[in-house]
Structure formats: structure tokens, C-alpha cells
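Participant: Sequence:
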Amino acid sequence: MAIATFSTYSFCCTRIDPARFTRFPSTHYSPHSQRLQSRVSITTRLNSSNSVSPADSNNNNNNNNRKYELHDGTSMQSRRSGSPVFVKLPEDSTWLGGKVRRRKAMAQSFKALAAAGVEGVVVEVWWGMVEREGPGVYDWRGYVDLIALASSCGLKVRASLAFHQCGTDSGDPNWIPLPVWVLEEIDKDPDIAYSDRFGRRNMEYISLGCDILPVLRGRSPIQAYTDFMRNFRDTFKPFLGVIITGVQVGMGPAGELRYPLCPSQKLSWAWRSRELGEFQCYDKYMLASLNACARKFGMREWGNGGPIGAGNLMQDPEHTEFFRSDDGSWNTAYGSFFLQWYSGMLLLHGERICRETETIFRGTRVNISAKVGGIHWHYGTQSHPSELTAGYYNTSTRDGYLPIARMFGRYGFTMCCSCFEMRDVDEKPLNPLSSPEGYLRQLLLAAKVCDIPLEGENSATSLDDTSFQQVLKMSKFYSDGLDKPSFSFNFVRMDKNMFEYHNWVRFTRFVRQMSDGNIFRSKLDFRGGIRLSSTFDASRVGMAFAYC
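Numbering of the sequence shown is given in UniProt numbering, commencing with residue 1 and proceeding in unit increments.
The hints are simulated quantities; they were obtained by calculation from the structure and are not laboratory data.
Keep in mind that a hint or two might mislead.
Simulated restraints, written as ranges between beta carbons of each label pair [to be verified]: (1) T397 <-> E301: 23 to 31 Å; (2) R398 <-> E321: 13 to 21 Å; (3) D234 <-> L430: 28 to 36 Å; (4) R101 <-> E301: 48 to 56 Å; (5) Q223 <-> L183: 14 to 22 Å; (6) H319 <-> R362: 46 to 54 Å.
DMTMM-like mimics (lysine to aspartate or glutamate), calculated; alpha carbons at most 25 Å apart, straight line [what the hints assert, rightly or not]: (7) K104 <-> E133; (8) K428 <-> E318; (9) K237 <-> D145; (10) K99 <-> D145; (11) K188 <-> D145; (12) K428 <-> E351; (13) K448 <-> D483; (14) K88 <-> D465; (15) K284 <-> E185; (16) K428 <-> D465.
Each residue gets a CB set at the ideal place from its N, CA and C atoms; glycine is no exception.
Throw the hints in and build the complete structure from the sequences for me.
Facilitator: Encoded structure:
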């Protein structure tokens, strides 16, 4: 039986032409219009009859129209040049029931950040907290209060809509599972969750194999994410474009567009063990898609599961049949077929969410973004196995990040990526195959080619000068040669160590360097009455306002 060559094969499941994966014209992005400078008074009564607002709180029974006064901070004329810095808040910044945790310490920390010239904070908005009890029942109270608090201290907000699980299990202090009713549906149909070849289920994020199937009490996962985003927009409409200047939408485990190659909590050290990861294609929905594509391709035997000979999690890729460099099956017709399907399904998932997100937030003057995972510990090999199992068809002969950047460009998305503080010289003695700088440069080049804005992040909380200088170096790599570079940085994350004197001095110096030296809001008088004009003043405030 004659088999069509893969180069002419039109991808049957995602309707994406493989020829488009090799070379891409620049995608031109028009940034959203400039932010509104104003003072806004809003009412927190929600638009949805199924939502719970601060007005409905037991503590506010006699005040059905609780109001917050929001301040936009600096004027448009005095807004700084350079690259703004945001700080990601702790995962547990709000309690179930609608309260800000450690409110007094949080307010003091916000004032210190604003005084140091930080542009704003990144707030993770957890699906498992907001829509916890039942489908279509949203409780935004804690987030309304937290965002209003940030505004009153002179900070902007980036909202990160998190459709994934946080933490490892119920014993984790930061444990936030998927909504209760979603977990009940997974109990009824375990194939809603990802599965590897050993039958191990991953509960961090719903399998993209059932993206458009009504597996969540009559709704598909994409419909559930869309309804959540729409209710967020309607609830926070007065904030959008004024205080909430960015919305990052989660697309997978840890909020990243990828498969759960291994549990997310292991990714912080997976590069040290050189973990290969596992292909997550063994739930019945993913298998049905793979089988249909294999039949259409004329090779039914290719549709029974993932690659044979992919080794075990900790194995040297050169000792595996699939990943080895010289004659690994990743570089055969079968390998190309499977990896095209596997990465194509991930792209289709991203495309669906991008399309819905762009439609929902169109006209709100909010920057929308999504994050790509920082999988770098096999970047020095030919097959890049851990990237392949994460869903990035990126090898020594193929660019797997250009299709993602191009997709983001089509919908006006900013791309977020991590590893900005990591250096090859530090990582290679521990893992010679790792290259965080090589990985990041490739991603930054993809963003430049596709003309899309970029958000950088650190992968671990590092407060030393070497890490901060590396961030500056990589941000310059992206910005050099661009007429109007659009780069910002999310520092991950705020904790009490950040406010220790020497750490705080280094951090405020970094903010100043990112902002071209023009950071301190000497004329800004947000609620609390603090006026600063020097690094020394900012350092003293940081000590006084330590987050506990």
C-alpha cells in the first residue's frame, strides 16, 4: 500500500497544513489603545444572577451597593518609559468565602511595591475557588476586594485566569483543586483527565481531547472556560483597561500551553534528573482522535497509542528507541505523524481558547496573554524529548515555537515565557544537556519574527544580582532591533524574603534598571500618603512594610 509522504500530508484533526510549520511571515500586532487615566467609582454588584458579590456577603447585608474608589496611579504624562515590572502575589492571597488573607500586611506590601516603582501585581484567579460549588455559580468577592486594595495603593493588576489545579494534594498549604463539581464528573468518567501509557491519571487540567464534548454537566470544557471569562469580564467591567490592564488565560497545567509531561510540582527539579516526561494521549478521547487520524492517513496501526520505545521517565534519551539521536523513530514517517498530531492537538486547544478570549475581551483595552512552558533540560539533544512530551514539536531540525507565536499573533496575544534568570553556565555542570538560554533565545526570536509583545518571568524566586542582570540581558536580546519593543516582566513571587533589606535593595535597583532609571513616583500620593524620591527611601519603606 502506498503511503503519502508526510510533507504533503494535510493534518486531519486540526486542519493545519504542515507546510505552514516551517516558515512564517511576520504577523503584525497592533497594541491595544493606551490606558485610560482616570479615577473610577464602581459598584460591585455582579451582572449574573448566579454570581455571589460582596453585596451579597453576610457581612454586608445592609449595604447592597458597596463601592470602591479606584485610582489609576500616575498620569499619562508622567508614566515611565522602559519595561514595567509586575510582581506575582502568593497563590493563597484570598480565602474561600471572599476575604483577602493577611489584609493589613498585604496593604503595606502593596504600598512598598508602588513606592519602589513597580507597575502592578499579578493576581491568580482560581477556577477552583470562584466556581467551586456548582456550574455557573461564581463567587468573586475576594478578588474584587484584592483588586480594589491594589488600586487604592497605586498599583495596576494583571489577572491570571487559572483553570488548573494548584499544589500536589490536600496536604499542600497552597492546595487549590479543580471545582468540586468538575472532580465529581471526573470520578464518573476518569477519561476526562489525562492519562499516560501506564494508566496514571493527571488531575491538574482537563484533557484537551474532550475540549468540545459536553462532559461537564452538559457543557464542554471550552464552554466552561468561556462562561467563566465572560462572567469575569462582566463583573470587573469598570476595572478593565483602568486598573486591570492585562488578562492572562490559562491553557494547561501551571497555566501553560502544554501537556502535563510530568506533575507540575516536579518541573522545578526535573531538569536536574533529566526527566523525559510521558506522552499524555491514553485517555479515550485522545485515543479516539489519534485513531481517526491514523485511519485517515492509511496507517491504522499508528492509532493505537503513543510511541513504543520512548523509555522511562529517568532514562537517558540515547538509550531509547524513540528519542535517540542517530536513528530514533522521532525522525521517521511514523514519528513525524505522531508528533504532528500530538502538537497539533495542543495548537488546536490553544486556538480555541485564543478565539474565545479575543472575542470576550475585544474593546476592553485589556492586554490578553498566554504562557508557554520553560522546558529546557534536553535542549542540547537532537530530539528534545521533554519538549516533545510537553507538546512542543521542537527538534534540532524543526522550530516548534513559531507556530505558537504565530497563533498568538493572529489573536493579538502577548506571549509569556519563563527562565529569564537562568544561565547556561550555572545549569550545564549539573545537566550538560540543558540550555535555558538556548531555549529562551529561540522563543524570543519567534516572538520577534511574529511581531508580538512579550512578558518575561523568572522560573524560581531569585533575589541575587546575577539573576537580575541575566533578566536584563535577555530582555535586551528581545528588544534590540525592534522599533517599538513591547516587553514587561512578572517577578515570581512576593514573599517575606523579598522585603529583607539586602534583597529589597537589589530588587528596587532592578526595577529602576528595567525602567531606564525613571521609576520613583515622587509626585504620587496614593492612599497612605507616602512620597519617595530615592532608592534609600524605597528600601526603608520595604523594610517597614515586610509581607508576613
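Participant: So, for every hint listed, does it hold in this structure?
Facilitator: To see whether the hints hold, each was checked on the structure:
| no. | hint | result |
| --- | --- | --- |
| 1 | T397 <-> E301: 23 to 31 Å | holds (25 Å) |
| 2 | R398 <-> E321: 13 to 21 Å | holds (20 Å) |
| 3 | D234 <-> L430: 28 to 36 Å | violated (48 Å) |
| 4 | R101 <-> E301: 48 to 56 Å | holds (54 Å) |
| 5 | Q223 <-> L183: 14 to 22 Å | holds (18 Å) |
| 6 | H319 <-> R362: 46 to 54 Å | holds (50 Å) |
| 7 | K104 <-> E133 | violated (29 Å) |
| 8 | K428 <-> E318 | holds (18 Å) |
| 9 | K237 <-> D145 | holds (15 Å) |
| 10 | K99 <-> D145 | holds (7 Å) |
| 11 | K188 <-> D145 | violated (36 Å) |
| 12 | K428 <-> E351 | violated (35 Å) |
| 13 | K448 <-> D483 | holds (11 Å) |
| 14 | K88 <-> D465 | holds (19 Å) |
| 15 | K284 <-> E185 | holds (15 Å) |
| 16 | K428 <-> D465 | holds (20 Å) |
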